[in-house]
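Engineer: Each chain, written out:
2 protein chains.
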Amino acid sequence: MKFEIKQEILMEHLNYVIKGVSSKNLRPILNCIKLSLTDDGLYLMSTDNEIAIKTFIPTEKIEKIETLGSIVVSGRYLFEIIRKLPNDIVKIEEVIDSKIFITTPNSSFNLNCNSVNEFPDLELEFNKNPLVINQRLFKTLINQTSFATSTQESRPVLTGISFNVENNLLECTATDSYRLSSKKIEINENYPEKVSIIIPTKNISELMKLFNNDEDDIEIHIFNNKIIFKFESIVFMSRLISGTYPDTSKLIPNEFSLIVKVNLDNFYRAIDRASLLTNEADKNTIKLETKGNIAIVSSNIPEIGNVEEKIEIEKDKEEEIKIAFSSKFMLDALRVLETNEIEICLNGELKPIILKNCDNNSLIELILPIRTF
Amino acid sequence: MKFEIKQEILMEHLNYVIKGVSSKNLRPILNCIKLSLTDDGLYLMSTDNEIAIKTFIPTEKIEKIETLGSIVVSGRYLFEIIRKLPNDIVKIEEVIDSKIFITTPNSSFNLNCNSVNEFPDLELEFNKNPLVINQRLFKTLINQTSFATSTQESRPVLTGISFNVENNLLECTATDSYRLSSKKIEINENYPEKVSIIIPTKNISELMKLFNNDEDDIEIHIFNNKIIFKFESIVFMSRLISGTYPDTSKLIPNEFSLIVKVNLDNFYRAIDRASLLTNEADKNTIKLETKGNIAIVSSNIPEIGNVEEKIEIEKDKEEEIKIAFSSKFMLDALRVLETNEIEICLNGELKPIILKNCDNNSLIELILPIRTF
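Protein chains in written order, with this note's numbering: chain E, 1 to 373; chain X, 1 to 373.
Hints in this document: simulated from the structure, not taken from any laboratory. Careful: at least some of the hints might be erroneous.
Because identical chains cannot be distinguished in the list, a pair is counted as satisfied if it fits within a single copy or across any two copies.
27 Å max Cα-Cα, derived DSSO-like pairs, lysine-lysine [said to hold, decoys possible]:
{"id": "1", "residue 1": "K84", "residue 2": "K291"}
{"id": "2", "residue 1": "K91", "residue 2": "K291"}
{"id": "3", "residue 1": "K202", "residue 2": "K184"}
{"id": "4", "residue 1": "K84", "residue 2": "K194"}
Next up, chain E with everything else stripped away, as it sits in the complex (with noise of 0.2 Å):
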C-alpha cells in the first residue's frame, strides 16, 4: 500500500472510525484501524465488537495511488499523528517487516503495524429495503427517550432502546422500571415487516455523535443480531439486546381522573428550585399540592431548610391532590418536552404520572409516584 491524501481528508474519516475504536485494552487488534486501498478508493474501519464504523474516500479525494492494499494500525497513534500535521499532502507508504511509514517534508513516523488477518470480519451487509429516517428527526426520537434507559447491567434489556416498526409507525420506548418515554413517529412507506429490535443505547449514543447533516437521509437495516446505519460516506453497525423487551403498551392509561394544565417553563424552573433541598439518598422526593388554580411543590433536607414554590395551574376537574415523586425524573422528562404547556395527567397520589404536549400524543413521559403522605 502506497498513496498520498491530504492531512484534512485523512483527518475528517479519522474523525469517524476512531470513534470505533476499542477504549479497553483487552484484545489490541480492537484498538487499530484497518485502512484498505483498492481500486474504488480507501476504506477506513474499527471496531470494538459492540459497534464497527466503516467509512469511504472515493479515489478522487486521493492525490496519488501507488500500490494498492491494506494494513491494520494502532487507532489512537495514527489519530493523533495525524491530528498534529500539517495540513499538507501525507505519505502513507506500507514497507517490509509490517511497518508504515507516514511523511511530509519535514516529518517522518515509522509505525509498527498489526496483522491484517487478525482484523475481525465486520459483515456489514444490507437489505433491498431498508428503512430511510431524516436525520434530523432521528436525533429527536432518540434524545427524548434515551436518558429513561437503565443504566444498571441486572437488567440488560433496559439499558437498551425498544425499537419497534409496524406498518407506517416506528416507536421508540425507554424505561429503567421507575420511569419511560415514548415516542411515536410516521415512516414514509409502510414496512413491509413487523420489528421489535433492542438497541444498546449507549451505541445509539455513539452513532448521533457522527451525524453532520441534519437535513440528511439514513438508511436503516434491520437484521436479526444487528442494525446497520448507512448515510453520507458512513456505515455504522450497531449489536442487538437479545432477551424481551417488558410490554409497556399496558401501563399507559386511557383515562385520568385529573389533568393539570402547566406552563412547562414555570413548572421547570420550580422544580428545578425545589430539587436544590432534596437529596439522593432521599431519591430527590419533593411534593406537589394543589389548592384550586395553584400548586405548591415543596421539599426539605432537614439540616440544610425547606423550599415552596407557587405555580398557577388549569385543572379539567375541582378535585386536588397531593402527590411525590423524584425531582430528577421530573426535569429529566420536562426537558424533552417540546412545547410551551404541559399536560400532568393524574390517577390519584399512588398511579403513574403521565407527561405529554397538550396538542398531541406522539411523546409520553411516564414517573412512578414515590409514596409518602
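The hints should help you fit chain X onto chain E, whose structure is shown.
Structural biologist: Positioned in the frame of chain E, the structure of chain X alone reads:
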C-alpha cells in the same frame, strides 16, 4: 438583618466569594458565607483557611434596607438558590431561631444558619504603601511562571511561587527542581523594603479567576504571614508558605558554548508531534541533534514506532550538539514564550538548557537535560 436586593447584583458577588468556600467538609463553618449588612452596605465573606475573600455591595445598589445585622449560612446552598432564582427582587430576612427566609413572589426558601461568632476573623488589614500592578501584567507574570511549580507536597516551598521585590523590580520564580521559570518586571515606584515571600500557587490561581478587567490595577499588601490583594470591590487574602526558597540565581549561566536560534512555532509543532511517541514512564524523553543548519528531533516507543522531525536553525558557532530532555517540560516552556524566534542556550549535553526570547531577558526558562547518549 432584613433587606431586598436585585438577584443579579447579589449573584455577581456570590460568584466571587463562592471561590473561598471550602469544598472539604472538615469544619462546617468553612463551608459558609458570612453576610454583614451595615450602614455602608452589604459585606460578603468566605474563607477556607488557605484563602479569604471579602466583597462589598454599597447601599446604593441595595433596593431596600430594613434591619442591619449579620448571618452565616451554607455557601453552596445560598449560591445555588440565588443562581436559580429569576432576575427579580430577592428579599432576605433573618427570623428567630437562626433561620433566614429568602423569598421572591413565587419562591420561598427557609435556610438554617450557623452561629455568627464561630465564623473566623479574616484579619484583612492594609499597608499604607501597597505595591500597585496592572491586572494584565500580573496575570502574564503568574501565567509565565506558575506552570513550573511542583505539585509534590514533599517540598512545600516548591508548591509556591517565589515572589521577590527589590527597588523597582518584581521577580517571580517557580521550579519543581527539574525545570524553572523566572520572570522580571519593572514596577512604577521603588518599593521601600526588600521582599522575599512564597505564595501558594493554587491560591494565586484562585485569585486570578476573580480578575474581571485587564486594565484595572491591583493593590498588593504584603505581611509576614499573608498577602492581601485589593481590586474593584474585592479583597483577597492568601496565607504564605514558610521556609526558605532555594537560591536559583546561580543556576542561570551568563555564557554558553552554543546558542541555537529557532522559529518558536515550528519548533513547538515538531516537539509536539515527536512527543506522541514518548511516554511518561520514560520521562517523555526526546532527543535533539544539530547537523549544520538543521536540528533533528526524534523519539520512539519500541512497541509502537519512532519519529524524526527536521527544523531549520541558526547557530552562533560551528559546534554540533546532541541533547535529550522531557518533551512535556519543553512544550510547557515554549507555550509561555510569546515571540516569533527563541534562543536555546546550551553548555553541552549535561548542563541546563536555557530558553529565552531573542530580544529580551525578562523571561528565562530552564530545563534540565536527561542523560541518554
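Engineer: It remains to establish, for every hint, whether it holds in the given structure.
Structural biologist: Taking the hints in turn, this is what the structure says about them:
For the homomeric pair K84 and K291, the shortest alpha-carbon distance between copies (25 Å) is at most 27 Å, but the shortest distance inside one copy (63 Å) is not. For the homomeric pair K91 and K291, the shortest alpha-carbon distance between copies (25 Å) is at most 27 Å, but the shortest distance inside one copy (74 Å) is not. Taking the closest pair of Cα atoms, K202 and K184 come within 27 Å of each other only inside a single copy of the chain (21 Å); across copies the shortest separation is 52 Å, beyond that limit. Taking the shortest Cα distances, K84 and K194 never come within 27 Å of each other, neither inside one copy (48 Å) nor across copies (47 Å).
Going down the numbered hints, you'll see the structure goes against just number 4.
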